[in-house]
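Novice: Got chain A sorted already, so can you dock chains B and C onto it with the hints?
Chains as they are written, first to last, in this note's numbering: chain A, 1 to 428; chain B, 1 to 308; chain C, 1 to 299.
Hints in this document: simulated from the structure, not taken from any laboratory.
Possibly wrong hints are sitting among the right ones.
Far from chain A by the CB rule (all over 12 angstroms, computed), these chain C residues [to be verified]:
no. : residue
1   : D86
2   : G158
3   : S202
Which bits of chain C does chain B cover? Going by a derived footprint, with three or more residues having C-beta under 8 angstroms, they are [to be verified]:
no. : region
4   : 127-140
5   : 165-178
Using N, Cα and C, we set each Cβ at its ideal position, and we do this for glycine too.
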Amino acid sequence: MPSQPPLASRELTRRSFLRGLGVAGAGAALASCAPASAGSGATEIIFYQSKPEVIGYFDDLIEQFHQTQSRVRVRHDATSNLAGSFVRESPPDIGLLNYNFEVSRYVERGVLSDLSDIPAVERIRDDLQPLIDVTATYPGRTSVIPYSLMAAAVLYNREIFDQHGVQPPTTWQEFLALCETLAAAGVTPIYSTFRDPWTIAQGPFDYSVGGMVDTAEFFSRLKEAGVDVGLDHSVSFQEEFLEPVERMQTFLQYSNEDAASRGYGDGNLAFARGEAAMYLQGPWALTEIAKSNPDLDVGAFPLPMSDDPDDREVRVNIDLALWIPEASGKKEAAREFLSFLMQPEIIDAYNAAALGFGVTTDAAPVTNSTLAELREYYDRGAFYLGASQLVPQSIPLQNYTQSLATGAEPERVLRTLDADWARLAFRA
Amino acid sequence: MATTAAAPPQTRDTAAPRRPGATRRPVHRTFYLFLVPSLVLFTLAITLPAIMGVTLSFTDSVGFGEFDFVGLTNYVAMVSDPAILSSYGFTIGFALVTVLVVNLVAFLLAVLLTSKIRAKVALRAVFVLPMVISGIIIAYVFGFLFSNTLPRFGQAIGFEPLASSLLANEDLAWLTIVFVTAWQAIPSALLIYIAGILSIPGEVYEAASMDGASARRRLVSITLPLVAGYVVINLVIGFKNFLNAYDIIVGLTNGGPGTATRSVAMTIFSGFTGGDYAYQMANATIFFLIAVVLAGIQLRATRGRSGI
Amino acid sequence: MTATTLTTTAAGQVPTRRRRRFTGRGGDEHPNRPGTVVLLVCSLAVFLPLYATVSMAFKTTQQSVNSRVFELPSPLSVEGFVEAWDLTDFPRGFAISVFVTVVTVVGTVVLAAFAAYAIARNWDRRFFRWSFFYLLAAMFLPFPVLALSQVKLTGMVGLANPVGVAVLHVMFQLSFSVLLFTAFIRGLPEELEESAKLEGASTWTTFRRIVFPMMAPMSATVAIFAFLASWNDFMMPSLIIADSTQQTLPVLQSVFQTQFSSNYNVAFASYLMAMAPAILVYLFTQRWVMSGVTQGAIK
Numbered sequence: 001m002p003s004q005p006p007l008a009s010r011e012l013t014r015r016s017f018l019r020g021l022g023v024a025g026a027g028a029a030l031a032s033c034a035p036a037s038a039g040s041g042a043t044e045i046i047f048y049q050s051k052p053e054v055i056g057y058f059d060d061l062i063e064q065f066h067q068t069q070s071r072v073r074v075r076h077d078a079t080s081n082l083a084g085s086f087v088r089e090s091p092p093d094i095g096l097l098n099y100n101f102e103v104s105r106y107v108e109r110g111v112l113s114d115l116s117d118i119p120a121v122e123r124i125r126d127d128l129q130p131l132i133d134v135t136a137t138y139p140g141r142t143s144v145i146p147y148s149l150m151a152a153a154v155l156y157n158r159e160i161f162d163q164h165g166v167q168p169p170t171t172w173q174e175f176l177a178l179c180e181t182l183a184a185a186g187v188t189p190i191y192s193t194f195r196d197p198w199t200i201a202q203g204p205f206d207y208s209v210g211g212m213v214d215t216a217e218f219f220s221r222l223k224e225a226g227v228d229v230g231l232d233h234s235v236s237f238q239e240e241f242l243e244p245v246e247r248m249q250t251f252l253q254y255s256n257e258d259a260a261s262r263g264y265g266d267g268n269l270a271f272a273r274g275e276a277a278m279y280l281q282g283p284w285a286l287t288e289i290a291k292s293n294p295d296l297d298v299g300a301f302p303l304p305m306s307d308d309p310d311d312r313e314v315r316v317n318i319d320l321a322l323w324i325p326e327a328s329g330k331k332e333a334a335r336e337f338l339s340f341l342m343q344p345e346i347i348d349a350y351n352a353a354a355l356g357f358g359v360t361t362d363a364a365p366v367t368n369s370t371l372a373e374l375r376e377y378y379d380r381g382a383f384y385l386g387a388s389q390l391v392p393q394s395i396p397l398q399n400y401t402q403s404l405a406t407g408a409e410p411e412r413v414l415r416t417l418d419a420d421w422a423r424l425a426f427r428a
Numbered sequence: 001m002a003t004t005a006a007a008p009p010q011t012r013d014t015a016a017p018r019r020p021g022a023t024r025r026p027v028h029r030t031f032y033l034f035l036v037p038s039l040v041l042f043t044l045a046i047t048l049p050a051i052m053g054v055t056l057s058f059t060d061s062v063g064f065g066e067f068d069f070v071g072l073t074n075y076v077a078m079v080s081d082p083a084i085l086s087s088y089g090f091t092i093g094f095a096l097v098t099v100l101v102v103n104l105v106a107f108l109l110a111v112l113l114t115s116k117i118r119a120k121v122a123l124r125a126v127f128v129l130p131m132v133i134s135g136i137i138i139a140y141v142f143g144f145l146f147s148n149t150l151p152r153f154g155q156a157i158g159f160e161p162l163a164s165s166l167l168a169n170e171d172l173a174w175l176t177i178v179f180v181t182a183w184q185a186i187p188s189a190l191l192i193y194i195a196g197i198l199s200i201p202g203e204v205y206e207a208a209s210m211d212g213a214s215a216r217r218r219l220v221s222i223t224l225p226l227v228a229g230y231v232v233i234n235l236v237i238g239f240k241n242f243l244n245a246y247d248i249i250v251g252l253t254n255g256g257p258g259t260a261t262r263s264v265a266m267t268i269f270s271g272f273t274g275g276d277y278a279y280q281m282a283n284a285t286i287f288f289l290i291a292v293v294l295a296g297i298q299l300r301a302t303r304g305r306s307g308i
Numbered sequence: 001m002t003a004t005t006l007t008t009t010a011a012g013q014v015p016t017r018r019r020r021r022f023t024g025r026g027g028d029e030h031p032n033r034p035g036t037v038v039l040l041v042c043s044l045a046v047f048l049p050l051y052a053t054v055s056m057a058f059k060t061t062q063q064s065v066n067s068r069v070f071e072l073p074s075p076l077s078v079e080g081f082v083e084a085w086d087l088t089d090f091p092r093g094f095a096i097s098v099f100v101t102v103v104t105v106v107g108t109v110v111l112a113a114f115a116a117y118a119i120a121r122n123w124d125r126r127f128f129r130w131s132f133f134y135l136l137a138a139m140f141l142p143f144p145v146l147a148l149s150q151v152k153l154t155g156m157v158g159l160a161n162p163v164g165v166a167v168l169h170v171m172f173q174l175s176f177s178v179l180l181f182t183a184f185i186r187g188l189p190e191e192l193e194e195s196a197k198l199e200g201a202s203t204w205t206t207f208r209r210i211v212f213p214m215m216a217p218m219s220a221t222v223a224i225f226a227f228l229a230s231w232n233d234f235m236m237p238s239l240i241i242a243d244s245t246q247q248t249l250p251v252l253q254s255v256f257q258t259q260f261s262s263n264y265n266v267a268f269a270s271y272l273m274a275m276a277p278a279i280l281v282y283l284f285t286q287r288w289v290m291s292g293v294t295q296g297a298i299k
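Just chain A, same shape as in the assembly:
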């Protein structure tokens, strides 16, 4: 935020302007739908959590919470438009959400309250801090508490690998050779679903970039550079993403032929049926795959992008993080529920069920056989944050990756990306 006026005047502007408007507008409030607090003195809070795979899981947890105490009632909201609720100044009392470009706006604009005095914060692993900071920070505040971390890599069908006597590759060359071998044997090496742009952004794109570029360092440099992004400057997508993106286009040629018209659901089904050897998806897909074929033996390996096996790292994202908005009038009740969710047995049980990695120092290790292959990388800190999670929503990155996957010229797309970034920085 450049050209920042003194804090006091900014406060004044905001208050006098918006609140003033609010008060003036209140005259028009013919019908106010203020939620009546549940009877018998209990405080009702609204809990926003919309990850579709685990909505039922959290409903059960809320039930459990209600049984342990009677002061706080929790209402689960999984459908509202979250950004809309902030714009309307009626946000939920507590949220549990993917920590990405969307939540970063809430953090940076200071609408999330400080949670640093909550004891559970002490248990968070230290090496996660850089991941949180590169996404968004607000000076002097702990705005979010990580809850679950997902490690994503290339999922592979162990049976097909065994049949063709191949091993998970450790270098870029081995990976290409593997694709050749499989293709020559009549097996579709990779199942891709280009119809859903996010599957390209979070899979092939993030793996390729993360395997060659230090994303956290790259995006910190980008933020510092401001509008000075592009080939003429010290940092640019054109310069540093070109090779990864070209390599992505190379290996995506080993995809199923109908990739352009296939979506996420199709991909899960096809991989479950053994129609391809590899599938570039995160652990969230495992539960979906298991629905159609519970016996499929799935392994995972980080996509090798260089010739040094030691360069291999897994893509992580903070899949869920807790936060409490400043505008909530029921912060105490919200904190009580937050502390309940952070209890070791509750958080561990969740991560085991949702195939997430624990974020606390006392977390139980993962046991899932697929994820066990990725555990060593996580434990020694060999991970990176997906680049697609760090680009603000105003830039249609997912659509760009879709164009790239279907053959668009990388230079042109990356030039657009540089220009978009500079324009965004210009008006930030």
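Specialist: Positioned in the frame of chain A, the structure of chains B and C alone reads:
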């Protein structure tokens, strides 16, 4: 919004006081009670948001939380933003084509519907019917026909461009939007033309046909000039309405394929959830200025008409 | 694009076909038969999509997927309606749409009539004259320009619901309606009002007993415009109403669009139920609607 034309009342004799020579009587209090509630509500619901929108367009607000004033930054950034420029290009092009199609068809239908035809009342009723149907719903219906029925028809007659869905064709999808918009917008233009043609005295035609003028000639040299004012009104109002294109696009293409059919209204609304709140406010402000210019043209046009 | 072709070729034929008829207006030649035929053909463009809607709505899911759109449903099935009724919670959406429309129509007619009467009868006063132009200004303000601020403000004052949409609908209709009413009241003779006042009737009584009844034709026009604008609106409710279970019928169609998926009969049954009320109202009032709209539009 309804299709509406406004003849400014000041073109009538209203500039002069109501009762010349009458002494200024006191205004009865009831009159204030009649007017003031509307003024207050109007100020809260329309003026206040307008001021707030323009003010926020000079900030970096994302719709909530802290923000700073950034001067003209948003406006400067807009000028080079391909997403915004292309939405203006699409919207203006679409509005121009649609307004021409609508007026051509509506005028010809009006000429036919005012001639000596059978079942005149019933036929007029039929052609006005689309006006009462919600744009988004009819867009869904047409969307189905365009993506299923029409390609099947195209394959059957072996006509290549129609054999696959027009909605998925980046270059042609806008045609479907023009078509459905016209389908829904023709009735109101039609009614205005019918009223215009009916207001031409029959004697004019009788005199012309006695002089041996052909039908085509009468159309060109009598009907057209005499309804010219209505043509101008219809063109201006139509263009103004089509600039707000939203419902039908949402129902047909939702802005796609890619961003080929994204209208200005859709782009502005994206600022609501996408974090570009202040930026899109700047966009809305520019859009407002365009609307003001059009309003000026409209006033001029309607004033011109009363001179006929 | 069958329908377009029909319309354009038909339109292209007009000049030649009407050769004999134009003496028509005023003359007493034989009726314009070719013109009637052309119009009948053109009317297919209006009927076909509506026919498709009805026909698809009455099919079974199986038929709606497999048969041609224009094939008649056989057997006639109402399963689409039953499912759409439950899925979209039609009674609720219908009630909300009716509520918003009724409030808009009544609110527009009442507020605009009041304001217009006050303005028309005090035109010599600067306050009233300026108020008129102030209210008129909104006619040039498209909703997209105000949308983002209105979303925020309605949210802040607890009006992110159908009530808020109705209030905004009234406000957006106000300009045009005041314009129509003001012009109309100016044309009314003032003698009746004067004599009522001489007999000691208050301004309010005069308005209620004498002026408002005389305004009935213009009130109908204003009401028709308000009805059409409110009942069919998609843009405003979709942005203003926060809770999708409180949405109006047009917006519900888009909310459930993905859930209809390939149950085309359910989708079309839902569309039909959402369109039908306005069409039915129109069928019974069409002459009125046409004269009202024309009256309003050329004012």
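Novice: For each hint, tell me whether it holds in the structure or not.
Specialist: Here is what the structure says about each hint:
1. Look at C:D86: its CB is around 18 angstroms from the nearest CB on chain A, clear of 12 angstroms, so calling it non-interface holds up.
2. Separation of C:G158 from chain A is inadequate, the least Cβ-Cβ distance of about 4 angstroms not exceeding the 12 angstroms criterion.
3. The non-interface label for C:S202 is consistent with chain A: the shortest C-beta to C-beta separation is roughly 28 angstroms, beyond 12 angstroms.
4. Counting residues of the region 127-140 of chain C whose C-beta sits closer than 8 angstroms to any C-beta of chain B gives 9, which meets the bar of three, so the coverage hint holds.
5. Counting residues of the region 165-178 of chain C whose C-beta lies closer than 8 angstroms to any C-beta of chain B gives 9; at least three are required, and the coverage claim holds.
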